[in-house]
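Work the whole structure out from these sequences, hints included.
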Amino acid sequence: MLWEALTLQLGYNATLVTVGAALLGFAAGVTGTFLFLRKRALVSDAISHATLPGVGLAFLAMVALGGDGRNLAGLLIGSALSAWVGLLAVSFLTRRTRLAEDAAIGAVLSVFFGFGIVLLTVIQSLGAGRQAGLEDFLLGSTAGMLRADALLIAGGGALVLAVVLALRRPLTLVTFDPDYAVARGLPVARLDLLMMGLVMAVTVIGLKVVGLILIVALLIIPPVAARFWSDRSDHVVLLSGAIGAVSAWVGAALSATAPNLPTGPMIVLTAFAIFALSLLAAPGRGVLAAALRQNRFRRRVHMRQGLLALAHGQPIYEGLTLRLLQHAGLVRPDGVPTEAGQARAARALRDEARWAELRAGPGNEAAAALHDGVRDIETVLTQDQIAEIDRRIGGPRGVPG
Amino acid sequence: MGADFVTLSLTPILIGALAAVACALPGNFLVLRRQALIGDAISHVVLPGIVVAFLITGAVATLPMILGAACAALVAVALIEAVRRLGRIEPGAAMGVVFTAMFAGGVLLLEQSDTSSVHLDVEHALYGNLESLIWLDASGWGSLTDPVALAGLPPELGRIALTLVAVALFTGIFWRPLALSTFDEGFARSLGIRTGALGLALVVVSALAAVAAFDAVGSIIVIAMFICPPAAARLMTDRLGAQVGWSVVFAILSAILGYVLAGYGPGWFGLGASVSAAGMIATVSGVILALAAVFGPRRRGAIVAT
Amino acid sequence: MSALSLVPNADRVAADAAALRAPLAIRGLTVSYGQQPAVFSVDMTLRAGAMTAIVGPNGAGKSTLMKAALGIVTPLSGRITAFGAPVELQRHRIAYVPQRASVDWDFPARVIDVVLMGMYRDLGLLGRVRAHHRDFARDCLDRVGMTDFADRQIGQLSGGQQQRVFLARALAQNADLYMLDEPFAGVDAATEKAIIAVLKGLRDEGRTVLVVHHDLATVAEYFDDVLLIATRKVAEGPVTQVFTADNLQATYGGRLATQQIDRLPGAGA
Ligand SMILES: Nc1ncnc2c1ncn2[C@@H]1O[C@H](COP(=O)(O)OP(=O)(O)OP(=O)(O)O)[C@@H](O)[C@H]1O
Ligand SMILES: [Mg+2]
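Protein chains in written order, with the numbering used here: chain A, -4 to 396; chain B, 926 to 1231; chain C, 13 to 281.
In case anyone wonders, no lab produced these hints; they're calculated from the structure. It cannot be assumed that every hint is accurate.
Here are some chain A residues pointing at chain B (derived, C-beta under 8 Å) [unchecked claim]: (1) Asp97; (2) Ala102; (3) Gly109; (4) Val158; (5) Gly259; (6) Val263; (7) Phe267; (8) Ile269; (9) Phe270; (10) Leu272; (11) Ala276.
In this text, a Cβ means the ideal position worked out from N, Cα and C, and glycines have one as well.
As structure tokens, then:
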């Protein structure tokens, strides 16, 4: 069953939803990267919660005009409008008052959500049954979706994705180097607005599938996960899109296999699993790799410090330093350096002297900046350069071997 | 304002007001520390907490659910810290990752377990049931001195009152170090204040308030109580004591006005039933914030000299 | 090769014991943010009753050294003692003025409230602020010439005034060791003179003062001792002996033009 779902063999509607969700996931991952890298990830939370009053008002308006309140396109337009108002409220509170962005986001999302709930209860009181379906916007639901709705979602996802991909370069530039973007004559303010517009579009299209409480996950989790694997912005953008698409695809497919596997949570949990894997296992920024590196670094620092202390005849207070020196056979248990220890200490001292000479000389800032305390100068300079330095500091003094 | 009011409205209003104040007190410090969204994260993970508690105990009992919610809040805070530190990710994104995943887990568990027979649904968790916390044993104002009737007060009232006492005690006792570490963390640490532990304690107390208030007003609207009254108060004064005072006033005002509007407002428009009280409380707190943002005497921050 | 000692570590520790009773003694301190040490293997011993400057280029680890000494950041290795005991036990004898950018100036507090923060150790959690506390706080404000601003919101002060308030808060700590991180940054000449007069007053009362300082031209005039650092220690000692062109060249590297050093007082040779 899962295989059928993953390979789109569960019927036309399910296929449309899965494909639409994947397109949307890609668009969300790419859009979310720009938000994340600007440290504004949770703005999307305000936007998504702010859609609720729009859904309610659109329903009421459509009913008042004698139409069907549940028309998805109408509801989505309403939600986009109220999300826009929410976004304006956030920017008003941050720009025109002393409140920080986090307070503005929290205030807007909770107040708009609260007001949305009020509207939902108003709709409820207008007549039972007629509001059916609006609650689906909270958590998303793809069960029993109309053909037209599925088409709308797939089409919307494809459209957003096309816009995001077309504008990838200017958006990347604005995100990473706003000053340069201004200098290049890019309309930064308008691109900013466009980015928020894309976030809104992703939110609105995702409402029916993922629900307004969880849609932020599609905008936040993929970029955070992608960031672990690369430091290059263009890679992060595409990787994040891919993670978003895979999460949405797998999540939607999983959800189609059984009745009580809601789409939104399945997508979010898939994304989270990818995130957890990245956090732990990514080379470079992953936790395991970082812990190993940090431990190695710590030992090298202690070793080097111990050798320098020996060279200067200074006391060593750190137990770890003494243990490392002793373990390497460089000091006796009472802390007196062995022959090998004396040689290594002298060499460490000479390395320090070489670095100092390098720093003091003019025009060596670039090389000197590499001096982090544990790096040997041999790894930075050529033999000729070292020989030149040694000539100035008087050559190696008493370094045996 | 007769017997009906005491039976149907007095306790919900009291509970709403107490919950609002219990959230607003720690909210003041959260807003000042730029951690307002911790309230957002905590309130989202209340749902998985109660679901897990329900699955473990198999019954809709209050105490295990409160414990479950509190545990979930602690787990969330620990996870957020871990993701932030280990992954070197900015706090907003770390929160977003953790609370959405936990919330999704909660919804999934809820759908998987057979809870249709019991009163445990997502909507309840999201917007509470303030209106149902009525005082059936009351027959009028006289019941306030009648021990038999008093024994029939909704248990939520006692719980939220107790929580408020705990929150107020915490805020009062640790006022000085909280203010100090919020203003100048480095200096606070040089005095030997354990700022990390203190920050964690503040979050735990906030979680406690959120869990107790969640019962009454639902999990999302708790966020409004954390943020709106303190944020509005922030725009009224430049004294910490006064700010906290204003926030308490705003919180109580939101609760009372919100409840009254929700209960009686629809009647003025010719609608029969009432609307969500919790939603209305959040809306009123938002209106107060909007008014403060436009008219508040201290709405503009100091021009920070560099 | 003369330096390399074949003495047991215990004997070297014993020989160092007297120096560890200094107001501040740091041994083998390394602090690193990630894999990049900001301070590497620094030893220093502060002379009691002296005014000492920490001097070095931007990013040299001056603030980090001070924060590590106060236990604000956790070092990778190193031993720090104040007045012969671990710093945690001596906090009541140490006052600290952070670099100005590090606080929330929009915080709802008045000038007098900030100064009262300096008396946290006296007041404790719940101690009432009494008249004599207030009088002392006003006295501290008076010493930095800020009495008139006592009831101002702290954000409504100029940079120099904010710096004076911080100094007043440190004075309110009534400590034996004062650590100030760039107290003269963005401060006009008159305020700088006023602050230095207060600091010299403290020194003359027998207290020890440690200041992160950027202006090479005034080091000799203001300070008794100097510590030159650029991630590692370059030199330490009386200004007259260690504040030399060679040491400055070693501290600032190619960054400091030679003629700039030549103009410094005391760098004649
Ligand atoms: N919180 C931090 N995280 C990562 N790196 C840091 C942090 N604080 C400082 N650093 C780095 O450590 C180094 C030393 O910083 P520090 O603030 O101690 O320098 P400083 O000598 O005080 O400089 P300045 O004169 O600019 O105040 C710098 O390279 C800086 O980039
Ligand atoms: Mg500094």
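- Query: What hints, given by number in increasing order, does this structure fail?
  - Reply: Those not satisfied are hints 4, 8, 10 and 11.
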